[in-house]
Every structure is written in C-alpha cells, then in structure tokens.
Amino acid sequence: MAFLEIDGLRKRFGSVEILKGIDLDLEKGGFLVLVGPSGCGKSTLLNTIAGLETITEGEIRVDGRTINDLHPSKRDIAMVFQSYALYPNMTVAGNIAFGMEMRGVPAQERQKAIDKVAKVLQIGHLLQRKPSQLSGGQRQRVAMGRALVRDPKLFLFDEPLSNLDAKLRVDMRIEIKRLHATTGTTIVYVTHDQIEAMTLATKIAVMRDGEVQQFGTPAEIYNNPTNLFVADFMGSPAMNLIPATIGGNGNALSVVLQREAREPISLALADAPTGLSAFHSKPIIFGVRPEALTDPEGAERNASNIATADCHIEVVEPAGSDTFAVTNLGGKAVVARLRADANIQPGTSTPLAFNLTKAVFFDPATENRIL
Amino acid sequence: MSVIATPARQSTGGISARTVNRILIYSLLALFALFYLMPLFVMLVTSFKTMDEIQSGNMLALPQAPTFEPWLKAWGETCVGLTCAGIKGYFWNSIKMVVPAVLISTLLGALNGYVLTKWRFRGHTLVFGLMLFACFIPFQSVLLPMATILGSLGRFGVTLRNATGFSFGLGNPTVNLVFVHVVYGLGFTTLFFRNYYEAFPTELVKAAQVDGASFFQIFRRIMLPNSMPIFVVTVIYQFTNIWNDFLFASAYAGTGDAMPMTVALNNVVNTSTGVVEYNVNMAAAMIAALPTLLVYVVAGRYFVRGLMAGAVKG
Amino acid sequence: MTTVTTQIKLTPEHSARPGASMRSRLQDALPKIVLAPSFAITIVFVYGFILWTVYLSFTNSKTFPSYALTGPRAYQRLWRWTFESDPPSSWYTSITNMGIFGFLYIFICLALGLFLAILLDQKIRGEGVLRPIYLYPMALSFIVTGVAWKWFLDPGLGLEQTLHQWGWTSFHFDWIKNKDFVIYTVVIAGVWQASGFIMAMFLAGLRGIDGEIMKAAQIDGATTFQLYRRIVIPLLRPVFLSAFIVLAHLAIKSYDLVVALTSGGPGGSAWLPSNFMYEYTFKRNEMAVGSASAVIMLMTITAIIVPYLYSELREKPR
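Protein chains in written order, with full-length UniProt numbering: chain H, 1 to 371; chain U, 1 to 314; chain C, 1 to 318.
No lab work stands behind these hints, which were simulated from the structure alone.
The beta-carbon is built from N, C-alpha and C at its ideal position, and this holds for glycine as well.
Some clues are possibly wrong.
Claimed, not checked - Cross-link-like lysine to any residue pairs, in silico, SDA-like; alpha carbons within 25 Å at most:
id	chain 1	residue 1	chain 2	residue 2
1	C	Lys123	U	Ile25
2	H	Lys358	H	Leu253
3	C	Lys283	U	Thr174
4	C	Lys253	U	Val295
5	H	Lys74	C	Gln27
As the list claims (entries may be wrong) - Quick list of simulated restraints, FRET-style, between CB atoms:
id	chain 1	residue 1	chain 2	residue 2	range
6	C	Lys62	U	Glu77	55 to 63 Å
7	C	Phe244	U	Leu294	44 to 52 Å
8	U	Thr19	H	Ala319	54 to 62 Å
9	U	Ile25	C	Phe244	22 to 30 Å
10	U	Leu107	C	Lys62	36 to 44 Å
11	H	Thr202	C	Leu313	28 to 36 Å
12	U	Leu107	C	Gln226	46 to 54 Å
13	U	Leu126	C	Arg229	39 to 47 Å
14	C	Thr70	H	Thr56	51 to 59 Å
15	U	Leu34	C	Phe244	26 to 34 Å
One chain only, chain H, in its complex shape:
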C-alpha cells in the first residue's frame, strides 16, 4: 500500500470542473512533482491535499488514513508556499514556532525545536530578524524551517523556487534534493518548471486542464511521452514535433519529411512501432528530441537505427557547451543539437544524423502516441 493515495479526486467550482478525476499514489519517502502549465489544476490539487480547499468527490489517504475532512492543521502536513508566506510581524523564530504555539507546546520545547531546525538549515544567526530583513534565499530557508520543525508525514511545496533568481534557484534545488535524501521525508512538489520536475522527482505527474496526462518516473516521462502534450511540455529545448507521412512498403516503413523547394527526406525505420503500419501514407507527427538529431560524428555510437540526411541550416546558435542548429522540415523550425565545436555555417547544407531509436510517433487526430 502506498503512503499517499489519491483516488478519483474531483473538484468543482459551481459548474466549472477544476480537477477531473485524479488518481495518484506515492511510496513512503518518494518525491512527487506535479507539473503543468498555469491553470492546469496542480496548485488546486496540492491545496486539496493540504486541506486548504474542499474536494467534491474522491478520497485522499495518507499512511492508510483518510484525511478528506480533516482541518489542515490535523493532517500532519507542512507546506512551503510560493511567496514563503512568512508572517511579517513576527521574527524568524516566531514564524518557525507559530504552529507549535497554536498547538500549545511549552516555550522551552519550542526553543529546543527552533534551535535544532536552525542548525540543520544554518539560519541560527537570523532567528531574531523580521522577514523583511532577509534575502530571498534566506526567506526560502526560513519557510523550509517552518515546515521542517513540524516533522510532518508529508511535505507540500507550492512552487517554492519561482521567486528566486536563476542561480539561487539552482542552489536551492540542490538543497531541497539533499534535504530529501538526508531526511527521507515524503514530498509533493508543484512547479511549472520542467527542469525542476526532472531533477527532483522520483515520480512526475504531468497535468493539463485538471487531468493527469502522464504519471511515471522522470525517465519514462522523458523517453516515452504518452501524448503530444507531454512530449512538447517536458524537455528543454523542446522536442521537435514534425508533421510527416509514413512511406515505404509493408515490412520496411519510412518517415517522409517535406521540405521547402527541396526533395522530401525519407528516413528508413528499422524497428518501427507495430501501430505505425496502419498509418501508411497517412499524416503523423514525428517526434525527435534535439539531442537525437546531431552531426554524424556526434551521433550515439551504439544506437541501432541512425539515418543521415542533408539539411539546409537556417540559423546557428552557439550555446557554449553545445551548438544548436535550426533547419526547416515539414514546415516547422527543427532544432538539432551539435557538438560545441561543430563547424557549421548558416545558409549551407549539412548532413544531420537522426537517431530513430529515440524517435516517437503521434496520431495527429488523437494526439496520442502510436505504439
């Protein structure tokens, strides 16, 4: 039995359905990331777990206990908010101890708990300050301290890093990961940043319009997206999704990519998914990640199915660690990821290697993966 179980969860505001039947589960010590564009319902889902919003249907269980109707403070959870939600009129120590104060914990014990948390997070020197006197990173630490001090069964994070600058965000991300590793707590974490999702999670739920699009490990989500939305949302730079048709004959299918004022490219597929034969001479969406579209020398040596084709390069973006090249296939800009020192000029034609082992195919009508 999983530690956190969510069954058939629905949430309606009047006639608007915000959550349309969510089923999720998470093992003890797991790190679940809810990711999706704004308005997808991920924050609402987190709030229902916290008890800050009621649910219309379904059940939420933590450690086997149904918590649907419990007050937030009785659910044995702690939450870190996007704005940190530090009480501006209280000191850092006061903020951390407020929950214990509300539960009637004696002052001595509160002090002990504050000291312990302050040590873990290295905020001992900040305890007597007001939140307005702290930097963004310090506030973030205090907010985590307030959560840690409760020693809850479940940690909830609501986009905790979105108010930090890029560098600090990376630092804090690592810190959260370390915290998870050392304390072994169970975490549910909301973000719209797919990199955070990939790096932190043991399980990811990609959400859209109140529905879970795909639920799985980061690797599953990244390598085997179930539909166009997940494929497009996860990964940066995003997966190339190219309109194409299926050509070739019965047992040797190929992908045909149209080009402007040039011959179409035809890529032979060695081990095409079985479902693909039904799409012969029909339109499909051909998905290939930028790292699977490289210069031939940089291509993965042991990939079983690599096809090379000359492509007209329109734009070259040297990014330091890599060089990105943009070409046009099937009427769309397609990004290839080359080695940093690849010698390539815009306006010229260059052979590019398609790693077809990593390629995925989608039905344009249903937007689902063709398996």
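Guided by the hints, dock chains U and C onto chain H, whose structure is given.
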C-alpha cells in the same frame, strides 16, 4: 510624470520663453494659494480682534492689539440658544460621540473586510455591493425612519428607567448618534479594509491555517498586526466625517445639552439676539475646526490617502 | 489560478464525536456569523429604512407618520410644483438650484482641479508647501466653511467693505443677500472646499502615467499643449470618472453648507433638495412630501452610482 522642459528658445527681449512660462506658472499657483488661505486667514485674525477693531478696521488687517478674549468667551461664556456657558460642553459632546463611533465602526469594518476577502462564501460580492452602495445614499432617505425608531427606543428607555432605574443608554442622544454613525459608517470602513485585505497575501492565511490557528487567532495574530496603515487611514477618515457631520447631529440631537459641536457652532453663529460678536463666532469656528485641522497637519499623508480610498476603489 | 485559490473554506472535522462536530460546524459558520450583524444592520437600517421612506411618501403623513396609503399625492404635488416658476415654489427653487449648483460645482471643481494638478506637475519648487494649502479645506466641516465664507462675503464686513476701504468704492458684491445670486455663493464656497481634493486626485493620476509614454510623445513632436490634450487627459479618464462620482455625491448631500452659509437664503432662495426635504419634514410638517423628495434624491444618486459600482465590482477578479 512630468513634462520635460522644451528647449528654451531665446525671445527677442532677451528673457527666454521658458522663464516667462515659469513666472506665469508660479504666479498662478501663488494666486490660488491666496484663494485657499484667505478665508482661514480672515477667520484667524478676526478671532483675535476686539469688536471695535472689527467694525472700524479692515478684514484683512492683522489685529492691532491681539486678544484671547474671543476664544475664552467662545469656549466658556457665549450663548448657544438660551444657555450661555460657551461651547466647551458641546466640544466634549462631540468627543464623547466621535471616539466610540470611530472605534466600533473601524473594528467592525476590519472584521468585515477580513471575512469578505479571506473567508469568501457564495454571494460575497453581492453582500459587499449592498454594503458599499450604503456609502452613497443621501442620508435624507433614511432620516425619518431613524428618527421614528430612535424616538421609540427613547420612550422604551423611559419605561425601562421607571422599571429598573436604568435606561441602558436608550434615548441618550449621544448614544443614538454613536449608533447612527456606526451604522452609516460601516460601508466605508468595510470598503477600506476589504480593499486592503484584498491585496493582503492569502498564503499567509493558509500558512496560519496549516499552523493550526483559528479564525479569530488568524485575525488577531496575523491580520491585525499587519494592518496599521489602513487602520490609521480609516480612523482619520471616520474621525473627520463624524466630527464634521451636521445632518444627523441636527436631526437627532439638534436641541438641548447633547448637541455636538457642529450644531452648537451653527447656533452660535445664527443667534440673532443682541450684537453679533463676530470675533467670538470666528473663535468658535476655529475651535470646531481645530481637531480635524490638527489631524490633517499631523497625518496629512494618511488623510489624503483616506479620502482617495473613499473615492477611488482598489 | 488565483481566482480559485482565494476561496478557502474550513472543512468540518471528520470525527465520530458529536460534540466535536458541533464545534467544528460552528467554526465553519464563524465567518458568516461575524459578518451577519453588519449585514443585517445594513439591510434593516439602509434598505429597510429606504422602503419605509418610500412607503411614507405614499401616505398623507404630516407632523407624525401615518400609515394609511393614500396614493402618489405627494409626488403629484412635487410634479405640480416642478412647473410653478412664478412665483417659484420651494421645490422649483430647490431643483433649479440643484441644477445650477450641481453643474457649476462639478464642472469648476474638475476644471480647476485638473488645471492646478497640471501646474503643480511642472516640477514646481515648493510643491510640498502648496499642496497642503490647496487641500486643507477638505478637512473642515461644511459648517465651518459656511461660517468662514459667510463672513468673507458679507457686504458690510467682508470683501466689499475691504475693497471700499482700499479706495474701490464702486465695488459692489452682495450676492449672499441677493435671492437670485445666493446659490452662486454656495458654489464658490463648495468649490473652495472640494477643488483641492480633486486636484490631489488628478495629481495622483498624473504621477501614475508612464513617463515613457510622455517621452515617446515628445519625440513624436507633440507640443506641451498637444501632449496634455491628446495623451494625458485621455489617460486620466478613470480619474475623471471617480472625481465625478465623488463630486456628484457631495453635491446631492450638500445640506450643511447651505444652512451655514446662507441659512437657506432670502426666502429659501438658496435651498437644495436636501434642505427642502429637511424643512418640509421637520419644520413644515409635510412628512409625506419630504419623504417623496428624499426618494427622488435617492433615485437620482442611484442612477449615477449603481452603474459605476456595478462596473467596479465586475472588473475585479471575482
């Protein structure tokens, strides 16, 4: 926002158009400053003059022999209607009315604003809309029923006193006015606090809920300590409005010893018996204006913000 | 997402103990319980009383309220008086004055307020001194304003006398005693009191305009005049609306000013509908007529305020 000065063009006379422009602007501004200051200035100098000087001299002239006599007389001796004990009693009447009315209406407004933003329920906009509209009604449209109700309560108070020896404030004009001002001030105080709490981070309330704080604990420990600015604004606004009110005061405490300051001042000025003592009238007017002027001088910034909050929402 | 997350609701504690669930249900209803008294007070003492006043206006109440409905007689009388201009009925005088006062008061306050705000916005040294001088009259009551201006405009003591002493003996200014002009003195005093505040509103509006828009317009070659006429004043539209609402609201309520400045003017010639209502209800024992005039005032202000409030409350996210 400000207009960047257009490059100065040299005019033929040698003085640039820009200089002429600036002189014109400053003269206009000074002229209007005179317009706004004049009545106060006249009131002030007149209140320090003797009657002889007023009748013979110039309104704008400074007092030749400044005297506090008119102020003392206005405070302690002048006649309001038939009673000649000065306006001091009425000044205290106003204080006794203003303080509780301001405190009660402000506190209720804070609670209402808290509920209307952080504990929303279906129809909260309608509730707020109905309370907000109450700010704008001409009070003439409720004047008469309120008079009737206050009259009945007064009679009930007499019955109570006969029966128990205590009227519980029923029929007391000051209590009545406090009640009236709380009732018709609620719309404004609720508006102020609602708009302030609307921008107050809801995550703080959520965090406090997770921490196990109750409805009133959140209000007392989280909301109130962070509401100082809007408290000052609301208190100033209510103080000014209630102190300056004349309509309710004259309708519900227009005669007798319980009159507030504004009504008393009007009576002093309009007393037609004997020689009109302009200096005393002006001193009385100054005394009536002092509390609100003082508030304006001390907390002008908040005063303006309060007026604007009452005018421009959000 | 913010629109939904602001809706927090305490859920009743899930528990078998009946006592606890009672308590938590109470907790659940607490916000409504706290709001209820204020809401009830508003419903009874504002809306209930308005209905009561409407009811009274359909009776023949004189000195004391009478509750037998006698039809719209009070309104018929007001309607008749509306056209009784020679000699003018009190009602005719009141609504004519309201028209004159309302129009001039609102128009001059807006014009003067905008004008002063634009002047003050020209990087004026001493703005910090001038602004409070323009604004302080708003802190005074209408009664004090009336007393001050009554003295200032008195032909025997005030401005006229002063100018005579300074040698301009032909100067004549007795509007405050003249039944045809007394309403204009109310306009002067009213404008004196409120225009500074309107100035402050416009100034805040001007300071809120994006400076880059102004720079862009200047690069486009707009003169200062064109800049204000074509760019700034159109951008101040919301301020105009708010200022108009404030002024209309003040104008209809201006009862005290007329009383303190003119004591109603010679023969009631300075009356506004608010004075009419007060006099007919409390002095002339025509309660039904007074109520009817109050209802008409209320309907006028409702026609102005309700669309404004509706749009304001709708614009904001629910």
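Violations among the numbered hints:
6, 7 and 11
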